[in-house]
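Construct the complete structure from the given sequences, taking the supplied hints into account.
Take the numbering used here: the last position of the sequence shown gets the number 995, and nothing is skipped along the way.
These are calculated hints, taken from the structure and not from any lab test.
Incorrect hints may have been included.
[As the list claims (entries may be wrong)] The calculated DSSO-like cross-link candidates involving lysine-lysine, where the alpha carbons are at most 27 Å apart (straight line), are:
(1) 949 x 962
(2) 856 x 915
(3) 670 x 881
(4) 799 x 921
(5) 705 x 670
(6) 721 x 705
(7) 759 x 876
(8) 759 x 949
(9) 786 x 797
(10) 812 x 786
Computed from a prediction, not measured in an experiment: that's the story for all the values here.
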Amino acid sequence: MTNPVLHGPDETPARKTDPNDKRRRILRTRDAMNREEIMGFRWLTSACALALAVVIGASAAEAQQVQHKWRLQTAVPSASIYFELLKKFGDRVDKMSAGRIKIEVLPDGAIVPAFEILDAVDKNVVEAGYAWTHYWSGKHPAAGLFSNPMAGAGVGMDQLSHIAWLFEGGGYDLYRKLFSDVLKLNVEPLMVQPMGPDPLGWFKRPIADTADFKKLKYRSPPGITGEIFKEMGIAAVAMPGGEIVPAAQRGTIDAAEWIGPADDLNLGLHTVWKFYYLQGLHQSTDVGEVLINKSVWNKLSPDLQEIMRAAAMASMTETYTYNVYRNALAIVKLRDEFKVQILDTPRDFFPEFVRATNVVLDRYAGKDPFFKQVLDSQRKFAQTVVPYWTKILDLYSNLGNAALQTGAVGGKK
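As structure tokens, this is what we get:
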């Protein structure tokens with residue numbers, strides 16, 4: 583009961599101050615502030631996550647966009663198996679780059695003639711081109727040593743040992759130096775298609791020896807190869823692949839080489855001549871190249887440049903295996919269906935060709951320091967590799983001949 587003496591009639595007794603009240607008020611205030619901070623942090627986190635998702639999504643979308651679209655002008659007709667393989671190369675680059683590089687492969691003559699491809703790439707008339715380095719022998723004689731060193735550089739290198747020189751013996755550095763420092767062209771080169779050895783070729787009549795060969799007018803590759811045939815006394819003339827059959831039909835030439843059985847079949851050489859000599863030394867090794875305008879190449883990010891290199895190396899392997907099987911199938915078809923006579927090259931041709939090769943190569947080495955540098959590199963490499971590799975090739979030659987002699991292959995068992 584309230585004491586009216588101590589308190590007025592309307593007053594209530596003063597409450598004692600609870601020290602915990604202040605603490606509770608502080609905690610309630612702090613909790614409210616924490617809730618606001620947490621909500622703010624959550625909002626900020628959500629906003630950042632959304633922004634990051636937008637950036638990642640944009641980057642992914644950008645990666646899917648075509649950033650580089652090239653035309654690749656080739657020196658082969660669309661019927662060529664190497665045109666087909668180049669389209670596979672383009673598809674591989676497309677997939678590996680997630681669509682950032684698109685390559686349109688064009689046949690011989692679509693934009694420029696075959697022998698003008700290098701200049702067209704240099705001037706960016708086309709972004710990329712395909713041919714063989716020996717096509718540029720008119721610009722520098724050493725060009726032929728990279729795509730097809732004749733008679734294995736005169737020291738017996740075959741296709742595989744030549745590729746080993748390119749990738750293990752310092753050849754690729756010299757190859758790039760040819761375009762950048764010697765020719766001073768705005769071009770980035772990539773080796774893509776090993777296709778040798780090339781047959782001696784197609785003849786309008788059989789030849790018994792090299793003397794018979796000298797009576798004929800022969801289509802040979804351009805550059806030093808043609809000079810070697812001329813050194814032997816053979817009337818050699820160069821022309822693009824698409825002109826060979828028409829020239830044969832007109833009687834302008836009496837014999838010709840192109841690439842190999844599968845491609846020769848597609849080109850139609852069997853329709854004009856029926857005598858096919860399978861062993862040739864003029865291109866015992868033969869490698870096709872892709873040339874890319876250097877300014878176009880420099881626009882590629884490092885990962886895309888590495889993708890191009892990896893795709894080129896994959897194409898080397900694919901072409902090698904493709905050649906073995908497709909050429910074997912073509913020989914069977916040429917022999918059985920089209921009645922082509924598959925003949926061995928006269929034995930006296932080989933020493934005569936090697937002799938002429940070394941005469942011509944040494945002549946150029948005496949005149950040009952870069953030519954000598956490349957040739958010396960190949961010959962030094964061959965000193966180590968050829969003795970070993972020849973023994974390995976003997977093994978497989980003996981193995982194959984044993985299988986033929988026993989009837990395991992090539993006949994009824």
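Inset, instruction - Given the hint that residue 759 pairs with residue 949, test it: the Cα-Cα distance must not exceed 27 Å. - result: holds (19 Å)
Legend entry - Given hint residue 876 paired with residue 759 - CA-CA distance at most 27 Å: holds (13 Å)
Inset, instruction - Given the hint that residue 949 pairs with residue 962, test it: the Cα-Cα distance must not exceed 27 Å. - result: holds (20 Å)
Inset, instruction - Would you mind confirming whether the straight-line C-alpha gap from residue 670 to residue 881 stays at or under 27 Å? - result: holds (23 Å)
Inset, instruction - Take a quick look at whether residue 721 and residue 705 sit within 27 Å of each other, Cα to Cα. - result: holds (16 Å)
Inset, instruction - Could you grab the alpha-carbon distance between residue 786 and residue 797 and see if it respects the 27 Å cut-off? - result: Given pair residue 786, residue 797 holds - Cα atoms ~12 Å apart, limit 27 Å.
Inset, instruction - Take a quick look at whether residue 799 and residue 921 sit within 27 Å of each other, Cα to Cα. - result: holds (24 Å)
Legend entry - Agreement of residue 856 and residue 915 with the hint, judged by alpha carbon distance not exceeding 27 Å: holds (13 Å)
Legend entry - Given hint residue 786 paired with residue 812 - CA-CA distance at most 27 Å: holds (20 Å)
Legend entry - Hint consistency between residue 705 and residue 670 [alpha-carbon to alpha-carbon, up to 27 Å]: holds (26 Å)
Hint compliance for this structure: every hint is met.
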